[in-house]
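From first to last, the protein sequence lines are chains A and B. Residue numbers for the first sequence follow this note's numbering, beginning at 1 and rising by one. Residue numbers for the second sequence follow this note's numbering, beginning at 1001 and rising by one.
There may be inaccurate statements among the hints.
Here are a few chain B residues that face chain A, going by a calculated C-beta distance under 8 Å [unchecked claim]:
1) 1082
2) 1104
3) 1182
Quick caveat, the hints were computed from the structure, so don't treat them as lab data. From the three backbone atoms N, C-alpha and C, an ideal C-beta is built for every residue, glycine too.
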Amino acid sequence: MDGFFQALSSYSFLQHALLAGVLASIAAGIAGTYVVVKRISLISGGIAHSILGGMGIAYYFGFDPAQGAVISALIAAVIIGLVSLKARQHEDTVIGALWAVGMAIGIVFIARTPGYNVDLMTFLFGNILLVSSEDLLLIALLDGLILVITVLFYKQFLAVAFDEEHAQLRGMPVEFLYLLLLMLIALTVVILIKIVGLILAIALLTLPPAIANRYAGSLAQMMLLAVGLGMFFNAAGLLVSYQADLPTGATIVLIAGAAYLLALMGRRFEKAPAVESRGQSSS
Amino acid sequence: MRIMAEVVEVTDVDFTYGIGKALQGINLQVASGEFVGAIGPNGGGKTTLLKLIAGLLVPTSGQVRVFGQPAARSGRLIGYVPQFADVDRAFPITVEDVVLMGRLGLTSFLGGYREGDKKAARRAMEQVGVWELRQRRLGNLSEGQRQRVLIARALAGEPKLLLLDEPTASVDAEAEAAITEVLGRLHKSITIVMVSHDLELLKSHVDRIVYVNRRLQPVTGDLDMSIGRFLQLGN
Chain A
1 MDGFFQALSS
11 YSFLQHALLA
21 GVLASIAAGI
31 AGTYVVVKRI
41 SLISGGIAHS
51 ILGGMGIAYY
61 FGFDPAQGAV
71 ISALIAAVII
81 GLVSLKARQH
91 EDTVIGALWA
101 VGMAIGIVFI
111 ARTPGYNVDL
121 MTFLFGNILL
131 VSSEDLLLIA
141 LLDGLILVIT
151 VLFYKQFLAV
161 AFDEEHAQLR
171 GMPVEFLYLL
181 LLMLIALTVV
191 ILIKIVGLIL
201 AIALLTLPPA
211 IANRYAGSLA
221 QMMLLAVGLG
231 MFFNAAGLLV
241 SYQADLPTGA
251 TIVLIAGAAY
261 LLALMGRRFE
271 KAPAVESRGQ
281 SSS
Chain B
1001 MRIMAEVVEV
1011 TDVDFTYGIG
1021 KALQGINLQV
1031 ASGEFVGAIG
1041 PNGGGKTTLL
1051 KLIAGLLVPT
1061 SGQVRVFGQP
1071 AARSGRLIGY
1081 VPQFADVDRA
1091 FPITVEDVVL
1101 MGRLGLTSFL
1111 GGYREGDKKA
1121 ARRAMEQVGV
1131 WELRQRRLGN
1141 LSEGQRQRVL
1151 IARALAGEPK
1161 LLLLDEPTAS
1171 VDAEAEAAIT
1181 EVLGRLHKSI
1191 TIVMVSHDLE
1201 LLKSHVDRIV
1211 YVNRRLQPVT
1221 GDLDMSIGRF
1231 LQLGN
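Go ahead and model the full structure; you've got the sequences and the hints to work with.
See below:
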């Protein structure tokens, strides 16, 4: 283990990897909490895989891949969001189709991209050890954007996630809020693709919040706990994969999966660990 | 000139859901301060009628006006208490956060709730006796407590019209008594439309009762006998 910390202090790619994991956990803990409580992991998976289509097109036409990813993520979120709003009856079928078609478009365009070949495997499985300074900056910017929007719309997102009908009654623009929420999730997926790749992104989005939900008393607590857990899984995964010479992204997801299993087996707290002191004096 | 303003005006409303008509030829006027009970068999369209009045559903034909406006635009004047079965128990949310949602539309659009919202939420929680539970997670409460939290959420918005969908279904006797008592107090100040099978609750406060089974008809005469007859009809 000493070897890891020595390497960490001397190799910038390891520092980048650690920082990327920590930063990604912020977005993932927040967006993932909404995915878990609103039960939209299928929709999120559809968005994630459709992003590959947009990225493939961006590569083929020589656009900046990072910009391509962000733009295609936003478009995918809107298309899939509108589909899920309008086609309620066949929602899962339509999203399943978009999921596969988006991915197929991506594979075709990446294969036909001229010049040095972009490695499809990097999209599918990510590579946290290749995160550049520009990537870190992009992740930090997206984190900031996600944080600001979440703080501004916290009570609306909570209302739409908990009871959409009631939010509608109170005059909230529920469709707009739903699409905005899906865009946050899509931007988070863009970050996660860098780290663990497309295939494993949904796991990192949902496992920390799913564990946190067993212990949190409120949505904000669930987010904080999920962010903390995500940071721990990323750091632990990096360390274990370095020591044991394993693929980093997969190791992170395996550790998160093992922790989820433990949480499922562990006794659930009967009472929410809410603080009772606030406002107590005035009651 | 009318002395009592009509709060709810449902005129010749049909509502079609899927292949069949859920409601047909519905006419209902509710005057200001009135407490109207709706009974009828399950699947007879009672909940649909409430949602039409709340503006959550749009009639296939006919019109629904609330406070003289189309129902969909009156949402902020309406407190709606859904059947608890519709609410997700696994959701990580405190009692206070649920009740505060009743302030949406009255508070600032961006950012958190204001002091005034917290005071209104506190008043609503105290009214139904859940203030002590405010920091508890909703999923850890009893059925009766949860139902009272949903009533508090509706009251937090200081509604002029309260719509309740079977507020005492599946709650214990203590909660039922508390809910009955709260509705009795509210009856003086706001207009209420309530779907219920609870004979005691209907008898204690309701001004008049309508029977809904695809069509709507008034229930008149001796309340006990008529309600008994209609409830039997329904089951």
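Comparing the hints with the structure gives:
Below 8 Å, beta-carbon pairs count as interface contacts, and residue 1082 (chain B) has one with chain A at about 7 Å; its hint therefore holds. With its C-beta approaching chain A no nearer than about 4 Å, residue 1104 (chain B) sits inside the 8 Å limit, and its interface hint holds. Interface hint at residue 1182 (chain B): violated, since its Cβ lies 19 Å from the closest Cβ of chain A, which is beyond the 8 Å cut-off.
Taken one by one, the earlier hints fail for this structure only at number 3.
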